[in-house]
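Undergrad: Place chain B on chain A using the hints.
One-letter residues, chain by chain:
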Amino acid sequence: MNDAATLLKSAPARSTPRRRLDFFAIAVRFQSVIGLILVAIGGVIFSPRRHGSILFLAPDNIANIVRAISETGIIAVGMTFVIITAGIDLSVGALLSLCSVLTATIMTTWGWGLVPTLLFVMICGALFGCAQGAISTRFRLEAFIVTLAGLQVARGLALVISNNQYINISYGNGPGLAPPIFSVLGDRLFDNTVPVATLVFLVVAIVAIFVLNFTRFGRYVFAVGGNERAARLSGVPVTLVKISVYAITGLVSAIAGIVHAGQFNFGSANDGTGYELTAIAAVVIGGTSLFGGAGSMIGTIAGAIMLGALANILQLNNINAALQLLATGAIIVVAAVLQSLVRRREGLGR
Amino acid sequence: MNTGSHTPLLAMRGIVKSFGGAQALRGVDFDLESGEIHALLGENGAGKSTLMNVLSGVIAPDQGEIRVDGAAVRFTDPRAAQAAGVATIFQELDLVPSLDVTANLFLGRELTRAGVLDGGAMRRAARARLDEIGFDVDVDQPVGELSVGRRQIVAIAKALTYASRILVMDEPTAALTAAEVQRLFHVMREIARRGVGIVYISHRLEEVPRVADRVTILRDGRIAGTAPPTAPQSDLVALLVGRPLAELYPRRSGAFDRRVLHLERAAYRPRRPKAGWRAPREVSLEVRAGEVVGLAGIMGAGRTELLSALYGAGGPGAWSGRVEVGERPARLTSIPEARRAGVAFVSDDRRGAGLMLRDSVERNLVASVLRRVSPFFLMSQVRQARLARQAIKAFDVRPPRPELAVGALSGGNQQKVALAKEVLGEPRLLLLDEPTRGVDVGAKGEIYARIRELAAEGVGILVASSEMPELIGLCDRIVVLRGGRTVAEFPAGAAEDDILAVAESSQEDSDE
Numbered sequence: 000m001n002d003a004a005t006l007l008k009s010a011p012a013r014s015t016p017r018r019r020l021d022f023f024a025i026a027v028r029f030q031s032v033i034g035l036i037l038v039a040i041g042g043v044i045f046s047p048r049r050h051g052s053i054l055f056l057a058p059d060n061i062a063n064i065v066r067a068i069s070e071t072g073i074i075a076v077g078m079t080f081v082i083i084t085a086g087i088d089l090s091v092g093a094l095l096s097l098c099s100v101l102t103a104t105i106m107t108t109w110g111w112g113l114v115p116t117l118l119f120v121m122i123c124g125a126l127f128g129c130a131q132g133a134i135s136t137r138f139r140l141e142a143f144i145v146t147l148a149g150l151q152v153a154r155g156l157a158l159v160i161s162n163n164q165y166i167n168i169s170y171g172n173g174p175g176l177a178p179p180i181f182s183v184l185g186d187r188l189f190d191n192t193v194p195v196a197t198l199v200f201l202v203v204a205i206v207a208i209f210v211l212n213f214t215r216f217g218r219y220v221f222a223v224g225g226n227e228r229a230a231r232l233s234g235v236p237v238t239l240v241k242i243s244v245y246a247i248t249g250l251v252s253a254i255a256g257i258v259h260a261g262q263f264n265f266g267s268a269n270d271g272t273g274y275e276l277t278a279i280a281a282v283v284i285g286g287t288s289l290f291g292g293a294g295s296m297i298g299t300i301a302g303a304i305m306l307g308a309l310a311n312i313l314q315l316n317n318i319n320a321a322l323q324l325l326a327t328g329a330i331i332v333v334a335a336v337l338q339s340l341v342r343r344r345e346g347l348g349r
Numbered sequence: 000m001n002t003g004s005h006t007p008l009l010a011m012r013g014i015v016k017s018f019g020g021a022q023a024l025r026g027v028d029f030d031l032e033s034g035e036i037h038a039l040l041g042e043n044g045a046g047k048s049t050l051m052n053v054l055s056g057v058i059a060p061d062q063g064e065i066r067v068d069g070a071a072v073r074f075t076d077p078r079a080a081q082a083a084g085v086a087t088i089f090q091e092l093d094l095v096p097s098l099d100v101t102a103n104l105f106l107g108r109e110l111t112r113a114g115v116l117d118g119g120a121m122r123r124a125a126r127a128r129l130d131e132i133g134f135d136v137d138v139d140q141p142v143g144e145l146s147v148g149r150r151q152i153v154a155i156a157k158a159l160t161y162a163s164r165i166l167v168m169d170e171p172t173a174a175l176t177a178a179e180v181q182r183l184f185h186v187m188r189e190i191a192r193r194g195v196g197i198v199y200i201s202h203r204l205e206e207v208p209r210v211a212d213r214v215t216i217l218r219d220g221r222i223a224g225t226a227p228p229t230a231p232q233s234d235l236v237a238l239l240v241g242r243p244l245a246e247l248y249p250r251r252s253g254a255f256d257r258r259v260l261h262l263e264r265a266a267y268r269p270r271r272p273k274a275g276w277r278a279p280r281e282v283s284l285e286v287r288a289g290e291v292v293g294l295a296g297i298m299g300a301g302r303t304e305l306l307s308a309l310y311g312a313g314g315p316g317a318w319s320g321r322v323e324v325g326e327r328p329a330r331l332t333s334i335p336e337a338r339r340a341g342v343a344f345v346s347d348d349r350r351g352a353g354l355m356l357r358d359s360v361e362r363n364l365v366a367s368v369l370r371r372v373s374p375f376f377l378m379s380q381v382r383q384a385r386l387a388r389q390a391i392k393a394f395d396v397r398p399p400r401p402e403l404a405v406g407a408l409s410g411g412n413q414q415k416v417a418l419a420k421e422v423l424g425e426p427r428l429l430l431l432d433e434p435t436r437g438v439d440v441g442a443k444g445e446i447y448a449r450i451r452e453l454a455a456e457g458v459g460i461l462v463a464s465s466e467m468p469e470l471i472g473l474c475d476r477i478v479v480l481r482g483g484r485t486v487a488e489f490p491a492g493a494a495e496d497d498i499l500a501v502a503e504s505s506q507e508d509s510d511e
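From first to last, the protein sequence lines are chains A and B. Note that numbering that gives the first Met the number 0 numbers the first sequence so that position 187 is 186, with each residue one more than the last. Note that numbering that gives the first Met the number 0 numbers the second sequence so that position 120 is 119, with each residue one more than the last.
Any given hint could turn out to be false.
Covered stretches of chain B, going by a simulated chain A footprint (3 or more residues, C-beta under 8 Å) [stated by the list, open to error]:
#1 74–88
#2 104–118
A few chain B residues that don't get close to chain A, going by computed Cβ distances all over 12 Å [claimed, not checked]:
#3 D68
#4 T176
#5 P335
#6 R371
#7 R449
#8 I498
#9 E503
No lab work stands behind these hints, which were simulated from the structure alone. Heads up, the beta-carbon is just placed ideally off N, CA and C, and yes, glycines get one too.
Pulled out of the complex, with its shape left as it was, chain A reads as follows:
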């Protein structure tokens, strides 16, 4: 095709009026980023001061915030995939705890090396997720039910393996001792500023942003959630995609479990309770629709950080935990209402 012909043919396309920039829709699309900025501003304003410096902005405090959200953040990243397919995974918190127990047990009593241990735990987590996805797709069960059962199973396994005891990790070389390098997960790098747990979150987040936005698999995740029938008719391997997203939440839960064990130097069958709800909250605040088909990984990450920053401000001001819950609840409602408004304006809402 020569240039003149190209020009002629694309001429009418250029004349199509560009869609107006819809600032409201854009604002809602990045609502969690804006929310994060607002919370940060609020944090600066309401932060207690000591010797004229703002405690909220102190490097130590920032490090605390990003460290505190690293585990739920890692999980929320995986949860974003599941929720974009219009699914849900309630088993993540229990699976985190199971994986922390596994990590501690393997390193202290089985005496495996670091790399085999981590690989094994991550594979276990992914397989656990796979099993949930397979059961849910094979028997056409709601993911809600399957992962609710998965939650009980994971928690039960953790209790059995740990005998409902903390499995403490001691470091050193020899039987019953974990490789000392593993304790780095509780440390901070770069002049004692950046927590290693946060770095893990960062790596997981970057990989997830890439997979969701720049790979074929990511596209399929959106398609399955947006219109499953259409995806199937287009030749998208729908069942495989669905199983894969649960494998992803299983994998990230395992990573979070490993981080948990490394940060606290023990594995416990009673930790991670309610993490699934925090993770879902971060995803929803981040602008991902529970109806599936639309969502943003960056939104999730900002949402997770925002929840952590909010909790931090309230803590700095000695506001009790009950009020923190109220604030979180209010933010979830506001985020969901904003999105419902946009959906309705676009004529997609129900």
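TA: Then chain B, alone, in the frame of chain A:
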């Protein structure tokens, strides 16, 4: 026709498929030559879509074989069919509303570079493909924001990306404007010239001579006949319906009483306009007691919207102009208001909006007249059962078992239940949207008879339908809607072509 050594591009032989008890296909043979446009006609429920779903690998046939170029094939899923060069444009468009046009065009066959999606290349290719078929769509726009007609275009462009041998088009023109249809036919002939065989499914008879090389008519899951496209329309109609029209449609009474619905320059202004919802803008019509009035118009003309707005189901908003029900002004802005005024509505989406499929026939029947079966707030099982028995008998629901789940009934019997349910409320105005969609010809006749009986009892009936023969056969008068406006009125027995000419003319004026 083709015997001996010649092998057709596609040969389907003895295809049988049943769903539950209902036989959708009872041994169908279908051929397609390379470069041929073969029209497949049939009424709703005749089995067209089932046959094409078999061809495109969506459902597996119970019996029969499919040969492409003489080689037997077995498509277990859509992907296998696509790999063999069979592309299908489905009626329920296989598009993902939240993804943009480019992503939809390449769904399932994305272009990648080193494993990473190549967005730029896909956008350029999408642009080029749409230009090639002469349609102008913004490739970055989410499909959910496009009009139905434009979505259709995207779906067509998408199918063309992998239709190397056979292209199946299931009612592609239903939502297109006249100019777009013209363009589409041009594109189809262009594709056929390259050697692709096209199966063109439609129930619009007048399109056949314009585009098809051969016509096959399906009725009740069997081939009713094959004809050249030049065959007279009356012959095709007889094949479609399977009997003279006079037998299918009951006699009209012709004696009308007082006006039950009177609209004069009526418009419904929703407080929040919805994309793709064509609000009634200037509607003038009347329905008298005992009269069946038809509402014609192409898809997107606003038929469903007018009926649901009259039933107060148009969302928050207000009517302007004159709106009278039973010779008294009526507000009709909420469903309770409309029901109190004596308006009843049977939706075209009986499975989604009309019936509780898992619940029993009996409980469905009384759902809209709970007040009559629940004196003092307590459900009277006795009254409920009595009422349900009467309705089942009056509408001849088969099997006549009130305890059966509605979802277990055939489409026709489900429709009877949906109709009976509204009639129990003793409306003076009954609004029917596509009353025979997905219903086989036998049950159609019964539903027509029941509609006529209701009219004879003094109910005024307003029927919207996309099947022109149905409106012509059933109604006393036909009002044509275009772009939310009433534009013409035809007496009983008007010619289909005349009505369509009005319904389809200069669509452009309907866009804002």
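Undergrad: Work down the list of hints and note, for each, if the structure agrees.
TA: Consistency of the hints with the structure:
1. 74–88: Holds, because 5 residues of the region 74–88 of chain B bring their Cβ atoms closer than 8 Å to Cβ atoms of chain A.
2. 104–118: holds (count 8)
3. D68: The claim holds: D68 of chain B sits with its nearest Cβ about 21 Å from chain A, beyond 12 Å.
4. T176: holds (16 Å)
5. P335: Given a closest Cβ separation of 21 Å, the condition holds.
6. R371: About 31 Å separates R371 of chain B from the closest Cβ of chain A, which puts it past 12 Å; holds.
7. R449: holds (33 Å)
8. I498: holds (30 Å)
9. E503: About 23 Å separates E503 of chain B from the closest Cβ of chain A, which puts it past 12 Å; holds.
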